[in-house]
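Undergrad: Spelled out from the first residue to the last, the chains are:
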Amino acid sequence: MTNGKKLSEKSIGAVCAVVSIGAFIILWYWGTQATQLGLLIPGPFDVLKAVGTGIVGKVGRHSILAHAGYSLLRVMIGFIIGSLVGVVLGLLMGWYRIAEAIFNPLFRIIRPIPPIAWIPISIIWFGLGEDAKIFLIFLASFSNTTLNSMAGARSVDPEIVNAARMLGASERKIFTTIVLPASVPNIFAGLQVAISSSWATVLAAEMVRSSEGLGWMIVAGMNNNDMIQILSGIVMIGVVGYILAIIMRRAEDVLCRWNKSGK
Amino acid sequence: MKRRVALVVATCMLAGTMAVPVSADELKGSGEKLIVGTMANALGLPVHWAQEKGYFEDAGLDVDLEIFATGAPINEAMAAGELDVAVSGMASIYALGTGMYTYIGDGVITTGGESIYVREDSDIAKAGADEDGIIGSAETLKGASILGPLATTAHYQAIKYMEHFGLTADDFSMVSMDYPQAYQAFVTGEGDLVANKMPYTNQLEEEGYVKVCDMNMVSDSPIIDTIFTQNDVAEERKDDLALFLECYYKACEDIMANEDERKEVAVQWYADEGITYSDSDMSTEVAVKDYFTRETVDTDENPLGAFMLNIGKFYVDQEMLTDDDIKNVENSIDKSFIETVKSRNAES
Numbered sequence: 564m565t566n567g568k569k570l571s572e573k574s575i576g577a578v579c580a581v582v583s584i585g586a587f588i589i590l591w592y593w594g595t596q597a598t599q600l601g602l603l604i605p606g607p608f609d610v611l612k613a614v615g616t617g618i619v620g621k622v623g624r625h626s627i628l629a630h631a632g633y634s635l636l637r638v639m640i641g642f643i644i645g646s647l648v649g650v651v652l653g654l655l656m657g658w659y660r661i662a663e664a665i666f667n668p669l670f671r672i673i674r675p676i677p678p679i680a681w682i683p684i685s686i687i688w689f690g691l692g693e694d695a696k697i698f699l700i701f702l703a704s705f706s707n708t709t710l711n712s713m714a715g716a717r718s719v720d721p722e723i724v725n726a727a728r729m730l731g732a733s734e735r736k737i738f739t740t741i742v743l744p745a746s747v748p749n750i751f752a753g754l755q756v757a758i759s760s761s762w763a764t765v766l767a768a769e770m771v772r773s774s775e776g777l778g779w780m781i782v783a784g785m786n787n788n789d790m791i792q793i794l795s796g797i798v799m800i801g802v803v804g805y806i807l808a809i810i811m812r813r814a815e816d817v818l819c820r821w822n823k824s825g826k
Numbered sequence: 010m011k012r013r014v015a016l017v018v019a020t021c022m023l024a025g026t027m028a029v030p031v032s033a034d035e036l037k038g039s040g041e042k043l044i045v046g047t048m049a050n051a052l053g054l055p056v057h058w059a060q061e062k063g064y065f066e067d068a069g070l071d072v073d074l075e076i077f078a079t080g081a082p083i084n085e086a087m088a089a090g091e092l093d094v095a096v097s098g099m100a101s102i103y104a105l106g107t108g109m110y111t112y113i114g115d116g117v118i119t120t121g122g123e124s125i126y127v128r129e130d131s132d133i134a135k136a137g138a139d140e141d142g143i144i145g146s147a148e149t150l151k152g153a154s155i156l157g158p159l160a161t162t163a164h165y166q167a168i169k170y171m172e173h174f175g176l177t178a179d180d181f182s183m184v185s186m187d188y189p190q191a192y193q194a195f196v197t198g199e200g201d202l203v204a205n206k207m208p209y210t211n212q213l214e215e216e217g218y219v220k221v222c223d224m225n226m227v228s229d230s231p232i233i234d235t236i237f238t239q240n241d242v243a244e245e246r247k248d249d250l251a252l253f254l255e256c257y258y259k260a261c262e263d264i265m266a267n268e269d270e271r272k273e274v275a276v277q278w279y280a281d282e283g284i285t286y287s288d289s290d291m292s293t294e295v296a297v298k299d300y301f302t303r304e305t306v307d308t309d310e311n312p313l314g315a316f317m318l319n320i321g322k323f324y325v326d327q328e329m330l331t332d333d334d335i336k337n338v339e340n341s342i343d344k345s346f347i348e349t350v351k352s353r354n355a356e357s
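So the protein sequences, as listed, match chains A and B.
Count the first sequence with the numbering used here and you get residues 564 to 826, in order.
Count the second sequence with the numbering used here and you get residues 10 to 357, in order.
One or more of the hints may lead you astray.
[Unchecked claim] Simulated pairs of lysine-lysine, DSBU-like, Cα-Cα distance not exceeding 30 Å:
| no. | chain 1 | residue 1 | chain 2 | residue 2 |
| --- | --- | --- | --- | --- |
| 1 | A | 621 | B | 62 |
| 2 | B | 135 | B | 247 |
| 3 | B | 272 | A | 612 |
By construction, these hints were calculated from the structure, which means they are not laboratory data.
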């Protein structure tokens, strides 16, 4: 693909993004001005103004950016730990039958449980501090990366593996030089979903006693029917989530260039 | 020989402590951290006030305040042993029903602000008020749907409201949803009535909905919240708990005596905890939330824990609790801490 074509595709993408977000804001504005929706929720400009005020001033004890920072820190710690454990476990389960026999039944039981359901148990196990919140985010990240890593390890072309065996490669060598690299695209797909899931879990995580964070902002707003605060929190979660997804995509583009260029 | 001497010394020490009982005015804070869970609303205000004014520090207590959004996570944190004391609302009944905790004090008194609303053009509103000022009639209410959370004071109030017109829980349907969702569903046209609490009742009022009753019109007693502690804390840290209660009720007395300062401190604290209160919200809170003092807590008219037991029976009727749970609630009530506080107050 030529550079000109790439640039043109990027421009079209950017225009489409602006148009779709703009259309959503116009629809939201129209809904609050022309229908009963206005009785329940504030318009987009009130919310954007509140976000701006929250960036300069404070919501609770911190600015909105500081709240985003607290949430981001929790998410990144949970995501990194969850992803590391998930990738290792997923690869092991995907490649070694015995690992799959031991861990897969338990994993399948844990996987469908929503993070919010873990709140009481997380408090009992980890208390009221950061550990409980990180644990909930860990779970969100862990499930997605485990599943994709397992799928990645299973999808390795058996002909390549057999050829390596025929050439005398040890099982360890096959795992590290064939299975692991071949699983990277799947692992990244899992990480992509995991970062979004982890970020989406921030609300549940901050429902465990908290006095800062974007999830806390929403919970505090709910207790007081402060729709502007709730929507400010939602908007910030959406924006930060979008930025994280872009960063992950860029990281994948760079780290898996070999995979993309082969297509 | 050494062992005998040690035994004699220990016996003398034990006899000494038994001979001179600890008098009420000899309470001493241990300085050990006392972790208190509460909410950033009128319920927790006295705890925050006592901390801000340095009452806990003066009493030799090291109180750590943990703020929760609702009573349910406070119960979870108590069950996990993460809190020593809970200053909480109606959800406490579930915790107290387990027998793991000791009821040591009565909290904030809610005399209003928990109300039921209908639409202005509904038949229920048109039925008008009776001699007690309660709006509605048996004919218009039969088969009605009320939005609000099940097994809470909202549900309790709905049943009492219906009973006022000779109806039972079978004559109406309680559509269970949490307070914010009940408010939103009602204003978008769902349900015939909504049973809600502040700040939603303020908003319903401002939006022109008709209040058919509030809690004190249909209930024999106001809502009284709870102060409870872990059983082992009640056993091992009696002085700390008595001092905590003393500071708490001292703060209540301050709050009741200084309305302007109460408003200022509360609004600032709520804002710090992410809860925006308007002047009107705060004025309503002052009007409907009272506090016990060291003199008014645990009297013949208002014995400690009476409201919790009363509402506990309602929970049994609703099959949310068993008779055994209520026995646990009854057994959990320990007046000794309040008695210490009151006797120290009388002495001073």
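Undergrad: Taking only the CA atoms, is the gap from residue 272 of chain B to residue 612 of chain A under or equal to 30 Å?
TA: Between residue 272 of chain B and residue 612 of chain A the Cα gap is close to 27 Å, so the pair holds against 30 Å.
Undergrad: Straight-line Cα separation of residue 621 of chain A and residue 62 of chain B no greater than 30 Å?
TA: holds, 24 Å
Undergrad: Verify the proposed pairing of residue 135 of chain B with residue 247 of chain B, using a straight-line Cα cut of 30 Å.
TA: violated, 56 Å
Consistency with the previously given hints fails for number 2 only.
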